[in-house]
Amino acid sequence: MKKILLLLLFLSTLGINAQEYFPANTGVKTTETTTYAFTNAKIYVTPTQVIEKGTLLIKDDKVVDVGTAVAIPKNAQIIDLKGKSIYPSFIDLYANFGIEIPKAVQTNMRNSSTAPQYDASREGYYWNDHIRPETDPISLFQFDKKQAKELLNAGFGVVNTHFQDGIIRGNGLLVALNPNATDAYRILDSRSAQYLSFKKSTKSRQIYPNSLMGSMALIRQVYNDASWYSKGLAKNKDLSLEAINKNKNLVQIFEAGGKQNNLRADKIGDEYGIQYVILGGGDEYENIEAIKTTNATYIIPVNFRKAYDVSEPYLADKIALGDMRKWNQEPANLKLLHQNKIAFSLTTNQLKSISDFNKNLQKAFEYGFDKTAALEALTTVPATILGKYNEIGSLRKGSYANFLITSGALFDKETTLFENWVQGSKNVVNSMNIKEISGDYALSLNGKNYDLSITGKSPKLKVEVKDGDTKLKSKLFYADNWLSLMVNSQVDSTKFNRLIARVYPNSDNLSGTATDEKGMESAWNAVKKNDAKEKEKKAEIAKTTILPITYPNIAFGFTEKPKQETILFKNVTVWTGENDGILKNTDVLITGGKISKIGANISAKEAKIIDGTGKHLTAGIIDEHSHIATVAVNESGQNSTAEVSLEDVVDADDIQIYRSLAGGVTTVQILHGSANPIGGQAALVKLKWGETADNLLYKNNDKFIKFALGENVKQANWGNTETVRFPQTRMGVEEVYVDYFQRAKEYDIIKKSGKPFRKDTEMEILGQILNKERFISCHSYVQSEINMLMKVADKFNFTVNTFTHILEGYKVADKMKEHGAGASTFSDWWAFKYEVKDAIPYNASIMHKAGVTVAINSDDAEMNRRLNQEAAKTIKYGGLTEEEAWKLVTINPAKLLHIDNRVGSVKVGKDADVVLWNNNPLSIYAKAEKTLVEGVVYFDTERDLQLRAQVKDERNSLINMMLIEKNNGNDVQAPTKKTPVHFHCDTVLEF
Amino acid sequence: MRKQTIYNLLFLFLTITISAQQTPASKQTADYSIEGATAHLGNGEFIENSLIMFSNGKITFVGSALVKIARIGTVINASGKHVYPGFIIANSSLGLGEIDAVRATLDANEIGGMIPHVQSLIAYNAESKVVESVRPNGVLIGQITPRGGVISGTSSIVQFDAWNWEDAAIKVNDGIHLNWPQNFSEGRPWRGEEAGTKPNKEYLKEVEKIVSFIQNGKNYLNTSKSPKNLPYDALEGLFNGSKNLYVHASGVKEITDAINFSKEMGIPKLVIVNGNDAYKIADLLVENNIPVIIQRSHRLPNNEDDDYDLPYKTAKLLAEKGVVVAIGMEGNMERMNSRNLPFYAGTCAAFGLSKEDALKLITSNASKILGIDAFTGTLEVGKDATLFISEGDALDMRTNKLTDAFIQGRKISLETHQTELWQRYDKKYSSQE
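Just so you know, the protein sequences line up as chains A and B, in that order.
Under this note's numbering, read the first sequence as residues 101 to 1091, first letter to last.
Under this note's numbering, read the second sequence as residues 17 to 449, first letter to last.
Simulated from the structure, these hints should not be mistaken for laboratory data.
Derived pair list, reagent style DSS-like, types lysine-lysine, alpha-carbon separation capped at 25 Å:
hint	chain 1	residue 1	chain 2	residue 2
1	A	Lys1066	B	Lys217
2	B	Lys417	A	Lys1027
3	A	Lys694	A	Lys799
4	A	Lys949	B	Lys417
5	A	Lys406	B	Lys214
Chain A on its own, in the form it takes in the complex (with noise of 0.2 Å):
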C-alpha cells in the first residue's frame, strides 16, 4: 500500500488535498488551491538573504513568489505580518521520525545460556546479518503526530529519518512535518541518502562484529565484495550487496558519535573514495584540528550534559575532572565549529526532549555561538547535504512553503514562534493574536484599590495583587484572550473573587466581572500604570568561565602541548644498552629529537642543561605486548580476524599512556587479544602524550600481527556454551592455520597472476606474512603449541617472529633458537590458568642463556608501568646481569619489534626516547623523572606536581560552578564514573 501512495508521489504535482485521479464516493468531487499572501514581514529567504517588509506569496505547497513588489492575486488571502519576521523552518537530518528504534537484546556472549551465533541467520542476503543495505524504511514509516508536534513546536519543518539499526542501514525517508496532508504528499523523498554505523543490528545475535575495529573491518570488506559483485563476479545473488551497489550514489550518512570516531569513519570513506557526511557526537572541539582536515560536513547534536550534583563530597570525589570539564566546555563546540570553518547541520539526535533543542541552543548562543551560523546549519547546509537546495531550507520561488512566523529575531530569548508553516499548511505553535497583558495595573474590586502586577509571557504569566503592603494569594488564567483571576482575602481563605474579561487588542486596560465567594456579581477594572518591568536579571553570580581545553582533554592534560627541545644531560651514568655498557658520568646531548653526542665534557650552548649527578639515564622501556591506548582488543567473531587492525582503534586519550610515562615507558606494542588462532594487525605507538591517535603511531614501520594458541583460542573458559566455534582443542588450532595459509597461498597466486578476484583483506593480511610482509607475535604458554607453529611457519616457508606469553618457551629454548623465533614473556605470571602451571619465573634467563632473544612483556596496565622491576626478577630468579636485565625491557623488544634501528639503546643517531631515573633503574627504588620521546620532555616529575595541583584547583572551581548551578535551581544528574576496562588479553567486550 505504502509503495503504491509512494509511486503517487512521483507522479504527482497536485495541490495538498487533491489527488487528481482518486475516486471520490462520499461527496462530490472538488478541486481546491490557495494562495496566501504574507506582507509586511521581515523575510530571510536564505540565512543571508533578507527582505525588509515583503511579501511572502505561496500557493498550495509552493512559494511562487517572495520580495518587495510581489503582484498579489485577487484570490489569495493576505495576512499583514506587520513587525513580524518570516524565517525558513529547520531541517534535521539525523531522526528516527515515525520508525520505531528496536530494542537492543541481550548481546552478552559469555554465561548466556544459549550458544553463541557465528553464521548469518538470512539467505540471499550478505554473510552478515549486520550489513542491511536493502533496508526499505518506507514499509516501517508511520507518521507520528506527537511527535510531529514536538519537532513542529521546536521549528522543524522537514527531517530525515531511517531505520537506526545496524552497520549499513539502507536509505532515509524525507518527510514533511505536515500533519495536514497524507504521505503521499509528505515523503519529499523516499531515497533521500543512505546510512551507517558502527553499531550492530539488533535483528540478530551474530557475534561478529563485536568490536569498533571489527565493524571497521566489515564495511570495508562490503565496500570490496559490492564492487566485486557489480563486475557480475559472484556466482550466487545478494540482495545486500546490490542495494549498496544501487544506493552508491546516495548521500552517504555516517553515525560516527564523537571526536574519535568521526575520524574513524571517515578514514574508512578515504580508503573508497566516498565523503561521509559525519553524525559527531558534540565533542568535536577537544581535537578540533584533526577535525577539520576530514573535510567532512558534520551533522551536531545540541545535546548538553546537566551539570553534576555535586553536594556530597565523596561522591563528587569520583566525576573525573575530564567530565566535569565537558558540562563547562560543551556548549562551545558549535562556536568553535564555526570559528574553524567547519560545515555542520544541527540534528536534535541524542536529545531527551525536543523541547531542550531550543534550551541549549541558547546556551549555545552565550557562548558565543554565531545566530546567523545556527541558522544556516538548520537550513541551507542540511538542503546543500542532501541536494536539495532548490526545495528546502529557503523561501527562494519553487521552494517547498515551509516557514516559521515569529515576534521577531528568531533565536532572541523574547521572541515567539507564532507559527510553522509546512508544505503551504498552518501549524500554530502560539496563537499570534494574543495580546501580551503583562504590566502594573491600578485594580479597583467592590470599590477598593489594588495593585496589580503581571509578569511573563502568555501563557506562562506570573501575577501579584497587592492590598497596600499585603499581598493576596491569586491565581491568573489566561488563554484566547480571556483573562481569568482569582483574589483570595487575606484574612479568611474561603473568602475569594473570581474576576473575568475579555481582553481587547486596542486597548491596555482590563475590565470585566466579579464573582464573590457568596455568588455576588460586580464589575471590576484595572489600570495599566506601565509596561512590566524588565526584571533585572539576576546577577550572575557565577559568570562561567570556560576552562582551556588541553591535550588531551582529561586531567593531566597539557594546556600548550611540550615541544621539542635541546637537552644536555651532564655526568650521569648512561645505561647505553650497546657494547660500551655502562658509563658513568657522561654527558648525552639531545638535539632535534635524536640523540646526537656521548661522551665526556660536551658542550651546547643552546642546550638545557640538566644535571645528571647521581643519577641514570637510559633508553625509554618498550613494551611488546600491551593493550593501553586502544579501544578495543578482541575481535572474538571469528576464528580468524586477520582483518581488523589495532591500528583503527589506538586511543590517545588514555590516562594510561601519561601513568606509563611517569614508568618510564614510551614504546608499546598495542595487541589484538587472544580470543582467536589468527588475531588481528598490532599497532606500534610511541607514548607522545597529548598528541592525536594518528601522530602515536610508528611509521614506515615492519607490521605485526597476533596470533594466538591455547585455552583462549579454544575457549576452553568461555563458559558452557562456548562449544561451537572451531577450533575447541589444540588438534583443531593447528589445522586453522594450515587451512588459513593454504588459501592465502593460492589467493596469492590467483592475485599475482592478474585475474580478477575478490579482494578478501583477511587473505591479503596472510599473505604478507608468507611474504615476509608482515611478522607474528604469538601469545602461547604450552611446548606442544610452540612447537607446531613452528613447524606450520616451516612448511610454509616463513618464520615466527616472536612468541608472546611463551610460559612455557624454556621447555623448548633450542628448538626456537634453531627456528628463530625471539620471545616475550611475564617475568613471574602463573597459576592463573591450568596452561599456566609449569609456568616458572626462570623462563627469561633460561631462553636468554639458550641464545633466544628475550624480551620482558606486560599484558597489563598496571605491569606495563613497572616494567624495569619486572626485568629486575631476572636477577633474582636465573642470575642474569643487571645489563642483560635491563636489555630485556629495551633494545631486546624493540628487536623484536623490527626497530632496533631505531630505538632502544643509548646510542649517538637513534631518537631520543631516554628516561632519566634517580636510582639504578632496576633498583625496586628507581623512580622515573624524565621521561622523553623524540626530544620531547612528556613526563617530568616537578611538571607533575604542577600539574596535580592544577587538577585539584580546576576540579574545585568547577565544583564550585556546580553548586551554583544546583543552587540556582538548575537540574543537576547524578555523579558518575567512567569504568575504566583495563584490557587484558582475555577482554572479549560487546562493544
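Start from chain A and add chain B according to the hints.
Leaving out everything else, chain B in the frame of chain A:
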C-alpha cells in the same frame, strides 16, 4: 665422567621429587647462630654485624656480633647478608585456590550472604604449589581469608611449612571478614543498566541488613542461645575482643560508617581492609586506634584524576599520621602474586617510607594487626625463630635471594616445583653443549 655421574644422580633425585611437595622440616633440634648479617628487626630498627641465636624454635639472642657470648649450635656466617623476620601476608587466599581458571581448584568463595561460621582454615591446602612458591621470597606466614558474600567467613593464620592445616595454624579463627556495602555501585550493562559507576541507592538498606544481622546475633548470644544458630555463634568473639572484625571498605563514607557501626555494636577490635581512601580520614582512624590493611601497592589508581603514584604512597600517607598499616592481597591473581609482597613494601619505601618502616608493613605491623605479635613478627628474644637470610636487601627483587629460611626454628626447603623445573631444563641445555 664423575661429573656425569653426579648429574645422573641429581637428575634421578629431581625426577623423583618433581611432582611432590617440599617435605616440611621437622621440629628444631639443633641450635643455630647467624653471625655477621645486618639484622632488620621488623620494628623499625636494624643491627649491623649482628648475632642472632635460636634454640627449640625460639629466638634466644638478638644483638651485636661484637658482644662476647658463646655461639650455639651451627654457626652461619652471614656477613654481607641480611636477616629478616619472616614476612607476613595479610588478607590472603593462599591455599584456598590453586589455578584461577579451574573452578574445581577454588575454595575461597562460599555462597550465602552472612556466613561468619564458615572457616577458611579447614580448606587451607598446606600442600599447595602456590603456597610453596612464596617461601623463597621470604613470605612465611599468611592470614588465610575467605572471599565473597557480605560476611565471607572467618580467617585463620598459618605458617607456610606444614603437613596439613592443623600443623599450619598459628592462630585459629583470628577474625571475621565483612565486605561493607559501597556508596557507589557499578552499572551492570548486561542487566540493562547503564555502564559506569553511580551512587548506590540501596546503600543504607544494605548497611541496615548488616546492622540487624549483628544486632540479632548479639541478642542471641546474650540470651539462651537456643535453638542453636551457627552463624550467630560464630560472632561471639567479636564482642569480647577475641576476634577482629575485618571490614573490607574503601571509601571515606563507608569507613566512617563502619567505625560508627562497630562502636554501636560494641565490637572492640576493628580493622579496615583495602581502605583506598583511608588516608583522607587518618586522624579518625588514629583516634579510634584502628589499623588498616591496604591493598598491594602495585595497582593502578582508582580514579583518572588521582596522582599516578597514589597506590605507591598510600602506606606513607597513613603511616605518617600514625595509623598502623599492613599489606593485604585481595584482587586479581592474588595468590600467585603473593610472592611479590616484599616488593610491594619496597615500592612503599621508594615513595615516602624509610626502608625499615616499609619493612614493618609486612612484619611487626602485620603481626600486631593480626594479633600474633606476642610470638612472631619481629626478631626479638622469646619469639618464634621464623626468619630468613637474604643475600641482599629483601625488599628489592635484585637482591631478594634467600640462602636460608626458618619457620619456628625449622630449616625449611627453599626449593619449589618451579626451581625443580628450572634445574631440570638448565641441565638439559647444559648437557647439550
